[in-house]
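Model the full assembly from the supplied sequences, consistent with the hints where possible.
Final position of the sequence shown in full-length UniProt numbering is 265; the numbers increase by one with none missing.
Read the hints as simulated data drawn from the structure, not as lab findings. All C-beta atoms in this analysis are idealised placements derived from N, C-alpha and C, irrespective of residue type, glycine included. Hints may be right or wrong, so weigh each one.
To be verified - List time: in silico DSS-like cross-link candidates among lysine-lysine, alpha-carbon distance up to 25 Å:
1) Lys107 to Lys36
2) Lys230 to Lys107
3) Lys37 to Lys107
4) Lys197 to Lys36
Claimed, not checked - Distance ranges between label pairs, derived from CB positions:
5) Trp175 to Leu229: 16 to 24 Å
6) Ile25 to Leu189: 21 to 29 Å
7) Gly75 to Pro194: 25 to 33 Å
8) His110 to Met21: 23 to 31 Å
9) Ala226 to Gly75: 15 to 23 Å
10) Gly148 to Tyr252: 46 to 54 Å
11) Phe249 to Asp48: 25 to 33 Å
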Amino acid sequence: MHQYLFFIGSFPLRAYGLLFMLGIICAAITAYVLTKKDGHGLHRHILDFTMCCAVAGIIGGRLWDVFFFDWSYYGRHLLQIPFVWQGGMAIQGGIVFGTLAGIAYTKIHHIDTWRFADLLAPAIILGQSVGRMANVMNGDAFGHPTGGNFGILYPDTTLAYATYGNQPLWPAEIWEGQIDILIFVALLLFSVFPHHKGQVFCLYVMLYSLARFFLEFLRGDYTVLALGLKSAQWTSLIAFIVALIIFIFLIYYRRTPKIKNTCRA
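Here's what the structure looks like:
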C-alpha cells in the first residue's frame, strides 16, 4: 500500500490520482465498446460525454464529501477544499452531479437519455470498482476496527491510521470494489433480456444503493446522522426507493415496447 508511487522533483505522483483517472478511462472504454455494439452511433459521443460527466462528477464528489461528511474539518480548512488529489471524494455526490451533467448533455445533443443511460450503467459501476482501488491505496473509505486480530493495517501516513491507529480494520472499500464487479456482471446479464428503456440504469442504482447501505455498517470514516443510520445510508435508501419506483413504473405504465438485445458482433 503506497500513497506515493514516486516523486518528480518535489511533486508526488499519488496512487489515488492515478487509479482514479484509470477508473474514468476504464469506464470510458467500456462505454465506447457497449455503445458501438449497440449500433446507433452513440459511441461518437463517448469522449465528450466522459469529459463532461467526469468534471461534474469530480466536483460533485468533492462537494458532497466536504459538506455532508467532513465539514467539521473543511469548515476550518477552506483552502483545502479543492485539493482533490489528497482524497476525500463521495461517490454518491459524483453519481448525482455526473448524472445531471449527463442528462444535460443528452438533451443538448438530442440523444435518447434513458437508452444512453442503460448502455452506460455497466461502464459506470466498473469505473467505481477501479475507483475503490484508489481508496485502498490512499487509506480512505476505510472500515472501523474489527475487534480481533484480522483486518487491514494501514500505514501511519494514512487517514485510517490517524483515525484508529494500529488497529485491524474491516476491508469495507475492498469488498465494495468486489461487489461492484458482481453488479457489473448482473447489469450486462439483465441488459441482454427484453426490458424497457431506463430499467438497466434503475437496476444499477438499486443494486449499488443496496450494497452501499449494508457496507456502511462496516465503514469507520463517517458518523451516525439520524435514527442509527449514517448520511450515506440515508442517501442510499432514498436513491433505492426512487429507482425502484421508476423501475416498477416502467414495467406497468410505460407503453413503449421492450428493448431486445441489439448488439452487433
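Against the structure, the hints come out as follows:
1. Lys107 to Lys36: Holds, at roughly 20 Å.
2. Lys230 to Lys107: 34 Å, violated
3. Lys37 to Lys107: 22 Å, holds
4. Lys197 to Lys36: 18 Å, holds
5. Trp175 to Leu229: 16 to 24 Å: 19 Å, holds
6. Ile25 to Leu189: 21 to 29 Å: Since the Cβ atoms of Ile25 and Leu189 sit about 24 Å apart, the hinted range of 21 to 29 Å holds.
7. Gly75 to Pro194: 25 to 33 Å: Violated: the Cβ-Cβ distance is about 50 Å, outside 25 to 33 Å.
8. His110 to Met21: 23 to 31 Å: 30 Å, holds
9. Ala226 to Gly75: 15 to 23 Å: 20 Å, holds
10. Gly148 to Tyr252: 46 to 54 Å: 48 Å, holds
11. Phe249 to Asp48: 25 to 33 Å: At roughly 31 Å between Cβ atoms, Asp48 and Phe249 fall inside 25 to 33 Å, so the hint holds.
Checked against the numbered hints given earlier, this structure breaks hints 2, 7; the rest are met.
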